[in-house]
Amino acid sequence: MIEINNISKKYSGSSDYVIKDMNLKIDSGKIIGFIGHNGAGKSTTLNMISGILEPTDGDILINGYSIINDALNAKMQFAYVMDSPDNFLKLTGYEYLNFIGNVYQIPADEINNRIKILADEYLMSDKLNQLIDSYSHGMRQKINVMGALLHEPSVFLLDEPLNGLDPQASKILKDSMKEHVKKGNTVLFSTHILEVAEKLCDEIIIINKGKIIYQGSLDDLQAQYEEGTSLEDIFLSITSKNVE
Amino acid sequence: MLSNFFDIQLFKIFLKESKPIKWIKSSKIRRTLLTLLVIVLIVAAIYSIFAPIIVYKDDIKNTFSFFDLGNIFLTLGFYVSYILCVITVIGYTYVYCYLDKNINNYMPLPIKPRIFSTTKLIFNYYNAICIAALVMLPFLLMYFTLTNSFSLISLLIVILYLIIMPATIVALVSIIESTIMFFVNKIKNKALAKGIVVSIFVVIVAILYLYFVFVISFNGGDSKNILNAIAQIRGIFDKISPLLFYANWGSALLNSHSIINMLYMIGSMIIAIAISIFYFGKIYFPGVIGFNEGGSIFKRKDKVKLNTKKVSITKWFFINEFKSIYRTPAYLINVLSGNALIVIIYLAMLGYQYYFGPLGKELANVNVDQYLTIPIIILIVIGVGTFFTLFNAGAASTISREAHNIKCYFIMPIDFKKAFIGKIIFYFIIEFLTLFIFLMIPMIILKLALIKMIIAIFVMIILCLATILIPISINLLFYDFDWENETAVVKRSKSVVISLIASFIIMAIIYGIGALLFLLFNLKVDIVAYILLGFYILLIFVTVILYQKLINRFMKSVRDM
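Taken in order, these protein sequences are the chains called S and W.
Counting in numbering that gives the first Met the number 0, the first sequence runs from 0 upward without gaps.
Counting in numbering that gives the first Met the number 0, the second sequence runs from 0 upward without gaps.
One chain only, chain S, in its complex shape (with noise of 0.2 Å):
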């Protein structure tokens, strides 16, 4: 579960608030899509969440540990896979998710059990002695998922994770956040593509201007509007409403 209470932010240097007043509470059991435009807040609130940035103002609380007072606790608790999965070039995709392994305490047989069965999963069995400087994009996006989901946290977040994935990664790991949820875990992922949205998700939160607009089932929402409208315009009009 993630609480989020009353945060802010802002960088050092700019008066203005990338974040003002957020909060959310977020369940277990759910896939959540974080929906915004570019620059809306999506990924400042997620390295808020998974501890990259720190909140000018207000708490943090995942599964009740506080991302700011008791950091350690709350990392033990999510996983994160960032936008950007160029991390870790110099090492093989083994070494890596061994030093996960190591980070996060699992038992050295456990990880050697679970890199074998994310591997065969993540179809990287015969890829993981090669550094992942070698590594195509989508494969360096599959190795951060599999770093990802090796010790089997309960929070889940991602931060668009499809980019850049070939159709069959990209069901792998749509199936694979699927699975997550089933285990009672939650994901959180942001993205553009309200499609992904769409189809995936139990509950979306669109966010604009560093506000949450609105956090709910897509059910629920749709209900709001006519029959046969579709997710691409009720968000441009949600969103074109609150700038107004």
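The hints are simulated quantities; they were obtained by calculation from the structure and are not laboratory data.
Virtual Cβ for every residue (Gly too), placed ideally from N, Cα, C.
A couple of the hints might just be wrong.
Derived pair list, reagent style DSSO-like, types lysine-lysine, alpha-carbon separation capped at 30 Å [claimed, not checked]: (1) S/Lys115 / W/Lys309; (2) S/Lys9 / S/Lys19; (3) S/Lys115 / W/Lys314.
Anything over 12 Å on all C-beta distances counts as not near chain S; from chain W, calculated [to be verified]: (4) Asn3; (5) Arg113; (6) Phe138; (7) Ile152; (8) Ala271; (9) Gly280; (10) Lys322; (11) Ile324; (12) Asn338; (13) Asp368; (14) Met411; (15) Met442; (16) Gln547; (17) Met554; (18) Val557.
Assemble chain W onto chain S, guided by the hints.
What follows is chain W alone, placed relative to chain S:
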């Protein structure tokens, strides 16, 4: 005509990409002033390092004029600049012409291969001149300061040498390297081919160095008459070393003002340049394409070897630092190869002197231990250690090189400070090992008392502890995660350049204080040694406090990025 071979805009872009201080975002005038300030600081530091010579300069001047040794500094400068120029051009050609990731951005552009390759050659030539001039500078400064034999013709010869010598080296190296890289494209096992290229580079550099050192060592025995020794060295170079022909011609030109030597130099330069422009232009692009297709040097087996050991975060950072360096040629060349080469050359020189030279025979009859008192041992360790430990390009770029990984560490449940200790230990070990090999082997050969060796090790540890946090702290303060290629971050990023300047300044302070206390205030060696040791112990406390403050600041500022 020229536009068929060379593109000035392209050259400017190459320059901008490699500009050492392009991170200074200020006006051109301020940038020029800052560059001048840096040069003045470095020159001042060089003079401070030679402080004892400056103090005794009148005596040295008299000795020089008595023996008529005026040109020796310049001759030595010719040889040293030649050797270093060859080594750096081999490295630069490999790095800038093949390893540089930006080359792939140019490949799809409609630029004629010959224009691109010639512009690359000229860019390499520019770099080579800078290196040769930088190496010659201290020799020139010493020459002007210490000798009475300055003449305008000598200066003109030096300038001519600095123009001609790098051009020929760039031409020859580019022909050899492009041929090797061209065949990389032909060999089926590209990973092996690339491995061979790296090995050839290392072997050529090592052979050149060792050769130079062996010849110097061979002649070192007759050091009573320096002039005679230099003449012998030059004679041997003339006879058995066609590789060093430029230095030979340069020194002959300096001594005899021979027009024929000058014509040799200019003529061979023109021929080498002409051949390289046509040859390099023809096979450079196919070589680049072959290199891109080559895959990793470190090709791995498909089967994963499972690891069942649990590794602490500190140990993991230590291991990862090592892996990232040996898996990245640009890091390997800039971070470890310098130390490794110095150690190899030194051991070779020492071994040669001990087994074949006069050192072994003389030592058998002399008890050196009685002359090397503990304060003198401390002074030797500080003197050598200060030179070796202060600048460390790897430590000065260790944070910047993490780039995107830093954000990943923030989302993981790890203690940053604990993790970074792994990096500190890694660079500490490198510095300590270099220093240890450098100083302990002669101490063992000299059969020093055990207590003196233990004290020497203790001083080495203090030195390494005091200096290792300086480049890392500078990198925490001036980190840069937006570097364009691996060579840029480890060679000319802000923190590396500032760290280099800082090391010059600290070196100058240490040597300067030593020289002042010893030579001007006539303090005893014992007191000077303990004062300098005290300075280093104080430096440990200062750097630890500084590091702790800077790592907190770093974490805060990265979060706000």
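Exercise for the section: Measuring Cβ to Cβ, find out whether W/Asp368 lies farther than 12 Å from everything in chain S. Expected result: holds (47 Å)
Problem - Hint consistency between S/Lys115 and W/Lys309 [alpha-carbon to alpha-carbon, up to 30 Å] - result: Measuring from Cα to Cα gives roughly 18 Å; hence the hint holds.
Problem - Distance restraint between S/Lys9 and S/Lys19, which requires alpha-carbon spacing of 30 Å or less - result: Distance ~9 Å between S/Lys9 and S/Lys19 Cα, so the pair holds.
Problem - Interface exclusion of W/Met554 relative to chain S, criterion Cβ beyond 12 Å - result: violated (9 Å)
Practice task
Take the C-alpha atoms of S/Lys115 and W/Lys314, compute the straight-line distance between them, and say whether it is at most 30 Å.
Solution key: holds (24 Å)
Practice task
Classify the label on W/Lys322 as holds or violated, using whether its beta-carbon is more than 12 Å from each beta-carbon of chain S.
Solution key: violated (6 Å)
Practice task
Run the C-beta distances from W/Arg113 to all of chain S and say if the shortest one exceeds 12 Å.
Solution key: holds (32 Å)
Exercise for the section: Find the nearest Cβ of chain S to the Cβ of W/Phe138 and say whether that gap is larger than 12 Å. Expected result: holds (40 Å)
Handout entry: Closest CB of chain S to the CB of W/Ile324 still more than 12 Å away
Key = W/Ile324 is in fact no farther than 12 Å from some Cβ atom of chain S, at 9 Å.
Problem - Given as non-interface: W/Gln547, partner chain S, CB spacing beyond 12 Å - result: holds (19 Å)
Practice task
Please confirm whether W/Asn3 is truly not at the interface, meaning its C-beta sits more than 12 Å away from all C-beta atoms of chain S.
Solution key: Label holds. Min Cβ-Cβ 38 Å, cutoff 12 Å.
Exercise for the section: Could you check that no beta carbon of chain S comes within 12 Å of the beta carbon of W/Asn338? Expected result: Holds: least Cβ distance 20 Å, greater than 12 Å.
When held up to the earlier numbered hints, the structure conflicts with 10, 11, 14, 17 and 18 and fits the remainder.
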